[in-house]
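Residue numbers (my numbering), protein chains in the order written: chain A, 1 to 425; chain B, 1 to 425; chain C, 1 to 425; chain D, 1 to 425.
It cannot be assumed that every hint is accurate.
Note that identical chains are pooled: a pair holds if it fits in a single copy or bridges any two copies.
Said to hold, decoys possible - Derived lysine-lysine pairs resembling BS3-like cross-links, with alpha carbons at most 30 angstroms apart:
id: 1; residue 1: Lys120; residue 2: Lys5
id: 2; residue 1: Lys414; residue 2: Lys140
id: 3; residue 1: Lys140; residue 2: Lys356
id: 4; residue 1: Lys274; residue 2: Lys246
id: 5; residue 1: Lys274; residue 2: Lys33
id: 6; residue 1: Lys140; residue 2: Lys407
id: 7; residue 1: Lys356; residue 2: Lys120
id: 8; residue 1: Lys246; residue 2: Lys167
id: 9; residue 1: Lys407; residue 2: Lys33
id: 10; residue 1: Lys356; residue 2: Lys407
id: 11; residue 1: Lys149; residue 2: Lys407
id: 12; residue 1: Lys160; residue 2: Lys33
id: 13; residue 1: Lys149; residue 2: Lys356
id: 14; residue 1: Lys136; residue 2: Lys414
id: 15; residue 1: Lys140; residue 2: Lys5
Hints are computed from structural coordinates only; laboratory data are not their basis.
If you're wondering where the values come from, they're calculated on a predicted model, not measured in any experiment.
There are 4 protein chains.
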Amino acid sequence: MRISKDQIQDINNQELSSHENDFGRLKDQLNNKGIQVDTILERLANFQVAIPSWALGTGATRFGRFPGGGEPASLHQKIEDIGILHALNNSSGAISLHIPWDIPSDPKSTRELAASLNIKFDAVNSNTFQDQPDAKHSYKFGSLSHVNKEIRAQAIAHNKEVINYGKALGSDALTVWLADGTTFPGQANFRQIFQNTLSSLEEIYSHLPDDWKVLIEYKPFEPNFYSMAIPDWGTSHLVASQLGDKARCLVDLGHHLPNTNIEQIVSILMMQGKLGGFHFNDSKYADDDLTVGSIKPYQLFLIFNELVDGMANTSNSEPAWMIDASHNLKDPMEDLMQSVEAIMIAYAQALILDRKALTAAQLNNDVTLAQELLQDTFRTDVRALVAESRKMNNAALNPIQVYRDLKIRAALIKERGNNTVSTGL
Amino acid sequence: MRISKDQIQDINNQELSSHENDFGRLKDQLNNKGIQVDTILERLANFQVAIPSWALGTGATRFGRFPGGGEPASLHQKIEDIGILHALNNSSGAISLHIPWDIPSDPKSTRELAASLNIKFDAVNSNTFQDQPDAKHSYKFGSLSHVNKEIRAQAIAHNKEVINYGKALGSDALTVWLADGTTFPGQANFRQIFQNTLSSLEEIYSHLPDDWKVLIEYKPFEPNFYSMAIPDWGTSHLVASQLGDKARCLVDLGHHLPNTNIEQIVSILMMQGKLGGFHFNDSKYADDDLTVGSIKPYQLFLIFNELVDGMANTSNSEPAWMIDASHNLKDPMEDLMQSVEAIMIAYAQALILDRKALTAAQLNNDVTLAQELLQDTFRTDVRALVAESRKMNNAALNPIQVYRDLKIRAALIKERGNNTVSTGL
Amino acid sequence: MRISKDQIQDINNQELSSHENDFGRLKDQLNNKGIQVDTILERLANFQVAIPSWALGTGATRFGRFPGGGEPASLHQKIEDIGILHALNNSSGAISLHIPWDIPSDPKSTRELAASLNIKFDAVNSNTFQDQPDAKHSYKFGSLSHVNKEIRAQAIAHNKEVINYGKALGSDALTVWLADGTTFPGQANFRQIFQNTLSSLEEIYSHLPDDWKVLIEYKPFEPNFYSMAIPDWGTSHLVASQLGDKARCLVDLGHHLPNTNIEQIVSILMMQGKLGGFHFNDSKYADDDLTVGSIKPYQLFLIFNELVDGMANTSNSEPAWMIDASHNLKDPMEDLMQSVEAIMIAYAQALILDRKALTAAQLNNDVTLAQELLQDTFRTDVRALVAESRKMNNAALNPIQVYRDLKIRAALIKERGNNTVSTGL
Amino acid sequence: MRISKDQIQDINNQELSSHENDFGRLKDQLNNKGIQVDTILERLANFQVAIPSWALGTGATRFGRFPGGGEPASLHQKIEDIGILHALNNSSGAISLHIPWDIPSDPKSTRELAASLNIKFDAVNSNTFQDQPDAKHSYKFGSLSHVNKEIRAQAIAHNKEVINYGKALGSDALTVWLADGTTFPGQANFRQIFQNTLSSLEEIYSHLPDDWKVLIEYKPFEPNFYSMAIPDWGTSHLVASQLGDKARCLVDLGHHLPNTNIEQIVSILMMQGKLGGFHFNDSKYADDDLTVGSIKPYQLFLIFNELVDGMANTSNSEPAWMIDASHNLKDPMEDLMQSVEAIMIAYAQALILDRKALTAAQLNNDVTLAQELLQDTFRTDVRALVAESRKMNNAALNPIQVYRDLKIRAALIKERGNNTVSTGL
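Work the whole structure out from these sequences, hints included.
And the structure:
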């Protein structure tokens, strides 16, 4: 299923005068502060955050899953769903594939479909946290870190295979999220886990094309509950440094112990040129995988401050962005649109921040003023700016409203039925 | 499958002299402190902690499940497994049933089987956190707290049905763990959730036999990630107080925010006569559902101190004990034996504590001495005491060793095959 | 020192056209949504949050204190400082006294001074967490909960004395924050701590005038590091319920374990008619006592949602509001103005929320829409609304700017010197 | 004040037969397992953990301080107190000096005093978290990381001076605990903080004698509440790596976010040869600075497992050990003896662990057995082993008992009075 620019336009037109009113005011306000609105609009329009192929279906907890209807049953249907999102919000023009949930059996047609929807192939994801029906070995006690060399070899081969799939589609990065670790004290030797992990990654790294990156994700717990092979940014950074320049760290917002200052980690990793990937979600307790910005929008803004600052003032190139949330209760498409909106708002706010004044306040240790500057920006209602960047690209002024007005979920259910189940968790 | 006393005795005999040596020393040591060893042995022997019917199979995280072999495929097989445990450790003489995972379709034969293994039926557990295939309504957005009266009615009816099953088996308590709550701010009104929950529980309470209790479990998050209908002991206590004397609170060790002082909660609830149930497990991060005592054995001891003190010095009757862990990596039987052993050790240590001296130290604000007394007890190796209480009842001196020597898992696999799957999470 | 309305007016005038522009737009926007702007302005203008008498000086950590200049050296100077704040922001028209740091030796002149600045006397605070030079007994091991009856009597007498001071000034509430607890396991018996605390509070309660309230604060840790006498809302509620209707709970934003859902606690306490006091601050890690809204402004908004909803739809009367922050780095006056501004913004946003639509979304389990409604409100820039409510009352459009333009701190330093030290922590 | 070997011997003699009984049993038990008891006794006897010079007085929270009596008023009195500790427990033969709280004005006599008590000078500690009366610049907004070069220079000079003091006494390490950081978002630029810190440390490093080490401590929060210059092991490791081989990381048990797996950090740092210092304490909530082993003794044992394993199997030399606790309620001497006892017990348990069997279990992924091995060790009562190592060196079988029997605190009060105040927090 696809939606046309005309469908969007028609609904946009109903909101147009109201939007132009709002945008005009905001533009004046920003112009008065000497902000180049056009440059910002362009940067907003260019910002694309990948949707993972497992995100179009209903998510689950270990206690159960409550499916919705019209879920995409194939990779192509997933790409079509992302096509709808991208048509609506102009910021979802990338897909991040998960292997083996979404093996591209016919790469050519898959590429053509994606190209027709203006969707790129972002980082590909391997999976050694589940056993596959035909697998010789089980990952019950680890994969890349396993004490058994044959099991490590199986996991390494899988990662190489994933790289190959990615090459066929035009990706240029492999994301390794390693569920390996231990659930009880004494279960394994920490140094051996580290060394096995590192040596496995070295083999994968050697298979990496020259223009690729491997992104090393970290997570403090779950699915292992005593230790993880790569629990924190320090370990990820240590591994990535030892692997080489094509290895980078990946920050997932939900993968931190309570109260961690994530923005500082982002800043330090960028200073080191080592921030390669970024997974968006939100959380209140643990790796809750909630809609981006639904719990801590100010933290999101503070993180974007560092991202914008780091991209401007360090050697760190733009990281690979991806939404990594679980859609347990909401329509996954609506949930994703809310996430993207929160990201764009935080990005826009970070872009309009008066960094010169902030730096001056910092040099004066004027803590009050520094806070005033950050909060002035955060309290500014930039939604019209984000909407304008969409409108300029024929996307929806209000994506969720258009999605609802066009009754897209109902159409998907009609097309696919109520009981399809997407691959994923 | 069953194991005979003779099988156990044969293996015990190999360890006998070593055990008698150890126990003799410990007995002397305790006698010197004026401790009545016989009384303690009797209390240890009488302590029975229920095994839940879902605990005999491999557990899972949301990321996957790695099954073992020989899992019990029916309620009767589960009871047989508990029978083996109880024969080995003499402390697992109770089962806690989960409905609808383990519906007793033939209560009479189920009772007879359990009686033949000396197993009682402890609290029964309802489940409104998953949808059942034939259910009219979904619990996606709640059950007892749902905004829709019909859905609440369905959940209430289910709980009444669970009571009926429990009556048929000889249980005398219903455990209500409510997964209800919200995953996003604004999703529901907190007061309405509370009022709906309370009024649903009132209907269930009215169906409760006179000699039954309803145990109200609390949990701060998961599977909902913004709020839970009954998130903490304060809410559980408020609900239980409003319901009446047959309603009690249930403490699960894994259901607290980081750093919570659980022993204080135990103490206060017992002071109020409101501690009705206790679920054992251990955790490092969240509701990890690990083997009891595998992470924080000193905390377990401190909690048992309060339990022993509360049973002696308050009106609170003995709570319903249950192990509520998830066996993701270990053989569930071995895991349960480790949990029970940790419980018995903590209980034994709490029993030998010199409370008179502790009270005197407290009245003198002699903080050093109070700590010395607690730690002297905790550092005492009481394993021979626990083993002796087993030996006196013809159980195994070392249950795991006997389990391994008798190759019980291999026998179960031979009997049931490698691919049976237990109902549960 | 005082500032005149004319001084403020002069600076306001420079911003006036810009403000009127902004306010006009916002008013249109709100009117279009059917919001009664005048009513909201009135509610904003009536909202007064107390400044505690210890907040006008520099705060400290256990590692040190870095004083600023011009700190008020007497109670009257403190009241004058609050007078300046209130003149600037029209929302700080109350003081919360701490005894014995600020004993009103001449209540009549103190009342007259406060009245002349339009400042009321809010709840009075007792202190049994520090020893006083002339005290007979030490609170090293507790006060109201102490095992020694004489020490409890001393602490009870102190609280009664505080009530008397409060009566002399026109307060109508006593806040009891109890630092009592234990720092090591075994140090005391939890039930005895509770019972001693309760019985001490009963004696204080009996001394309470009929129209007074006693506010029972809770805190999970610090200065005691193993247990606190009143660690959580559940205990506070239990105590307040047993004391009677004049006893209420007090929520301090920094007094919760990591990740606690504070807004739910607020909602449930108001449902029970038991929320009597509210202390504002913000925190990232523990009881950091940071500027309100500086870390988690969205949480602040969600809490205000419950406060506004609770005041409208429960029997709970308006709680006593107070800022309870520590000003370690910023000018205390500026810090307080930032806190008040954050409070007013959150309050304004909670007031313009479309509750009818939210309730409808909740009844439909339309989680997406519920989130949209909350976030639409939070993303709305309501600063002009808050500024207008100040302007209508001759206060500053931008309090911090006026404070800086008038060089108030410099004047205070000139008047009081650089080395005065305020009583407090 | 000093105590003689005879005084200790006299009291030991009363416990001797009981001890020999206990030790004999334990020795048999360990011999049966093939453990070389003599080797372990020697290692225990050689283990010396430094007492910091600020630990002999009463500690404080930001809310207050409740002093005890007989506190040492001078450096020499502090060394005498440590002399008493060391005479009693044979494991406190080192002092860690804090400058400027304890400036050795007469190094020669200080060295002689310490030598006479068999006390060595361990790492020296600098202090840039407090302002000194005569200081030109304030550290209110940082020291080594300050934006102002002159203030950094002052802090650098102070650290060099501390090295000089240390050289005069025979120390060979400088511990840098940096309180620098920010308390509010925006207050400073994270990269600039890092770069300033690093460059300041480079200057200090260049002043370091060849055989010295500089130990870089990390801490996530307090006294700054938004970010710390060196918040975690990753940053400490990054800094230490960039400085060079003489720079090492320092782990303080209380300096971690909730639920951190500290033993894994220890293992990885030792694998990298970068663990240079270790500060012992315990905590339930934050940096509570409680008696070692008073809250989480099993965690302490797990950490010692890694320390023992790392010292045996990595290139990491033995770290500098120190107790870093705050004695708010207990007699500091008793508190320190309890800490040392907990350390020695954990160390002894780690030494008797059957590592061969553990490794075999790990290679088999026999999680149950691995846990059995760890817990068997932890549950073994090794106190007689620790006591024997003391007895062999003429120290006390039970240090606290001897301390109390000899009425040492009373003697100290008599000698020094009730109102002396030690320098420190």
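Which hints from the list above does the structure break, by number from lowest to highest? 5, 7, 12 and 15
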